[in-house]
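> Taking the hints into account, I'd like the entire structure generated from these sequences.
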Amino acid sequence: MSLETYIVHVDLPHSQILYDQSQDYLETWYISFLPTTLASETDQTPRMVYSYRNVFSGFAAKLTRDEAKAMHNKNGFISARPQEIFPLHTTHSPNFLGLHQDTGFWNNSNYGRGGPPPPAKWKGVCEFNFTGACNNKLIRARHFRNGNGTPLDSNGHGTHTAGTAAGNFVGGANIFGMANGTAAGIAPLAHIAAYKVCSSSGSSESDILAAMDIAIEDGVDVLSVSLGGPSRPFHSDNIAVGAFAATERGILVSISAGNNGPASATLSNEAPWMLTVGASTTDRKLTATAVLGNALELTGESGFQPKHFPAKQLPLVFPGSNTSDFDSRHCGESSLINTGVKGKIVICEVGGGTTSRRKGQAVKDAGGAGMIIVNTRRYGYSTLVDAHVLPATNINYEDGIKILAYLNSSTSPTASIVFKGTIIGDNTSPMVAWFSSRGPSTSSPGILKPDIIGPGVNILAAWHNSVENNTNTKSNFNVISGTSMSCPHLSGVAALLKSAHPDWSPATIKSAIMTTADQTNLGNQPILDQSHLAADVYSTGAGHVNPARVNDPGLVYDIEPQDYVHYLCGLNYTHREIFIILQRKVNCSAESRISEGQLNYPSFSVRSNESADQTYTRTVTNVGEASWRYNVEVVAPQGIDVIVEPRTLHFTELNRKLTYKITFRRSANNGNTSVSHGYVLWKSGKYSVRSPIAVS
Numbered sequence: 001m002s003l004e005t006y007i008v009h010v011d012l013p014h015s016q017i018l019y020d021q022s023q024d025y026l027e028t029w030y031i032s033f034l035p036t037t038l039a040s041e042t043d044q045t046p047r048m049v050y051s052y053r054n055v056f057s058g059f060a061a062k063l064t065r066d067e068a069k070a071m072h073n074k075n076g077f078i079s080a081r082p083q084e085i086f087p088l089h090t091t092h093s094p095n096f097l098g099l100h101q102d103t104g105f106w107n108n109s110n111y112g113r114g115g116p117p118p119p120a121k122w123k124g125v126c127e128f129n130f131t132g133a134c135n136n137k138l139i140r141a142r143h144f145r146n147g148n149g150t151p152l153d154s155n156g157h158g159t160h161t162a163g164t165a166a167g168n169f170v171g172g173a174n175i176f177g178m179a180n181g182t183a184a185g186i187a188p189l190a191h192i193a194a195y196k197v198c199s200s201s202g203s204s205e206s207d208i209l210a211a212m213d214i215a216i217e218d219g220v221d222v223l224s225v226s227l228g229g230p231s232r233p234f235h236s237d238n239i240a241v242g243a244f245a246a247t248e249r250g251i252l253v254s255i256s257a258g259n260n261g262p263a264s265a266t267l268s269n270e271a272p273w274m275l276t277v278g279a280s281t282t283d284r285k286l287t288a289t290a291v292l293g294n295a296l297e298l299t300g301e302s303g304f305q306p307k308h309f310p311a312k313q314l315p316l317v318f319p320g321s322n323t324s325d326f327d328s329r330h331c332g333e334s335s336l337i338n339t340g341v342k343g344k345i346v347i348c349e350v351g352g353g354t355t356s357r358r359k360g361q362a363v364k365d366a367g368g369a370g371m372i373i374v375n376t377r378r379y380g381y382s383t384l385v386d387a388h389v390l391p392a393t394n395i396n397y398e399d400g401i402k403i404l405a406y407l408n409s410s411t412s413p414t415a416s417i418v419f420k421g422t423i424i425g426d427n428t429s430p431m432v433a434w435f436s437s438r439g440p441s442t443s444s445p446g447i448l449k450p451d452i453i454g455p456g457v458n459i460l461a462a463w464h465n466s467v468e469n470n471t472n473t474k475s476n477f478n479v480i481s482g483t484s485m486s487c488p489h490l491s492g493v494a495a496l497l498k499s500a501h502p503d504w505s506p507a508t509i510k511s512a513i514m515t516t517a518d519q520t521n522l523g524n525q526p527i528l529d530q531s532h533l534a535a536d537v538y539s540t541g542a543g544h545v546n547p548a549r550v551n552d553p554g555l556v557y558d559i560e561p562q563d564y565v566h567y568l569c570g571l572n573y574t575h576r577e578i579f580i581i582l583q584r585k586v587n588c589s590a591e592s593r594i595s596e597g598q599l600n601y602p603s604f605s606v607r608s609n610e611s612a613d614q615t616y617t618r619t620v621t622n623v624g625e626a627s628w629r630y631n632v633e634v635v636a637p638q639g640i641d642v643i644v645e646p647r648t649l650h651f652t653e654l655n656r657k658l659t660y661k662i663t664f665r666r667s668a669n670n671g672n673t674s675v676s677h678g679y680v681l682w683k684s685g686k687y688s689v690r691s692p693i694a695v696s
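The sequence shown runs 1 to 696 under full-length UniProt numbering.
Accuracy of the hints is not assured; some may be wrong.
[As the list claims (entries may be wrong)] Pair by pair, the computed Cβ-Cβ distance ranges are:
# : residue 1 : residue 2 : range
1 : Glu610    : Thr442    : 39 to 47 angstroms
2 : Ser2      : Arg358    : 29 to 37 angstroms
3 : Asn631    : Arg377    : 39 to 47 angstroms
4 : Leu152    : Ser2      : 49 to 57 angstroms
5 : Ser2      : Lys74     : 19 to 27 angstroms
6 : His650    : Arg576    : 44 to 52 angstroms
No lab work stands behind these hints, which were simulated from the structure alone.
All residues carry an ideal CB built from backbone N, CA and C; glycine is no exception.
Next comes the structure, spelled out in structure tokens:
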């Protein structure tokens, strides 16, 4: 008998509100859907994996395919499908973002003042066998089935993301002595509740939903979710379903955009009620320079920088230069044995399914003295820091071409690697990371995604053990990259905002983050992508997060839960599909349907092939000065005329709402452009409230 874990959605018992039901009552209702052969057997409890109470009406159970099919004929059954295993979207960044101890947002936020006990509303507790490790920082620790029996981290991902979001101030943070300084999370004295759902193999859907279910029950303010699956309709995306339940209870869900870039339409986690976060670089470089025999110096990066590695020239080889052997080009495991690399600097192509550390191990096992990892075109100028096992550097695509050209032009090519340590002030940052997933959204093209980008490349944060195999250290750190790393940066910013403005809704917090985002890098030039071309809005969303501005955005775009009902009806979902998301029955024929573009979102995504005008309204709420006048500035995308009415918004009191109308019209000189972008900017004195416009 082959059993799989199924995620099962069912109707509410007697059309009641889900979370008003007792757990025992719900479990009795859920068990009634199990096959009758199990209803009286003792193995029904092991078959029932989880009973959900907050995320949706349903459960996870171990079933055969025939048993799952048998449920289809039962009254109240909605859907069942096998669970998925989701991949992980695997401290200088606060300073890079303008957060400094005792000044600005940290100084003004309650999260920067001491370590208070958990708030009175908090319901969570540590697991009974882990209570001693909890304190006013870690106020909840729980593992779920895939967590292998303990909430303790086994691969570092959870420790790193939690530390990034809300780690305390810790002096002497470094990796092999590099990036040395005082580390801190974005909300350094926020409480952390840890829900372990992941192992090195990924995260099971049933565990993720169970963790979200408990987190909602516990009373969290922000859910940070650094994982996700492929794009799909929201009613088939259980993470989106769970996130809606959280949003409806006032919990902001910050979630990673995915690591499938730089190709377009590669996003995970696209629902408009989630804050979808892409990844960017910071201005810190852990420099390691490749010096070629022709005296050309090309700077890359490395987390392992040995102090006594000789700077002398060594023979330079590329095992993949004259062969189509995929493994040799990428220095795959055991691919370099007996290839004559002993005592030489070995060139390896990035990627190929082999991590940088494993490439280094392959070089080391074959007797190589050092390694130069060269980027391909796809990776561009994004270089990654790794805790290598031998002297190494990662070189960008353009410089990699120079290295290969030198190799092919010299009869006796040589190179050395010179380690130059930590350098701050790269003016091309922030730059969009090559791996950061891009829009447009395939689930809802009328919503611009990602929403925002934040630091996600070479992020130093807490780690579950010492990468230097130093068992005596009490503070372990590592540098890793991914939208898994950018997500908790935004989670921390959201926590700071929730502390400063407890009455703000998730949509209001999200709006404040998006409308105050930066559009330029430290060199005051447009934010670039991995190819050093101007990044488009499907890479950056609203732009790069700027915590120095989010606390006082001037105007915000709020969204009420009922607005999502009209939006979902506008997507032409069936009443059963909408029930899965909303957990209440909706008759769309009796509701007003709105198009995606009519949702009160802080950005716009319109189609260039629409011959008719596309007209929407937006309502903004004044959270700045009581009496204030805003004038609109419009930069229209290529081929589109943008008309905003009225062109002035005059507020006379705080929290007043005013509405404007925006029309998108194809212009007479409409060109053939695959994507273009513009923006709407409401300006008044110190306030600039910006909404990007994407046109495809």
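> Hint by hint, work out which the structure violates, then give me just those numbers in ascending order.
Hints 1, 4 contradicted; others consistent.
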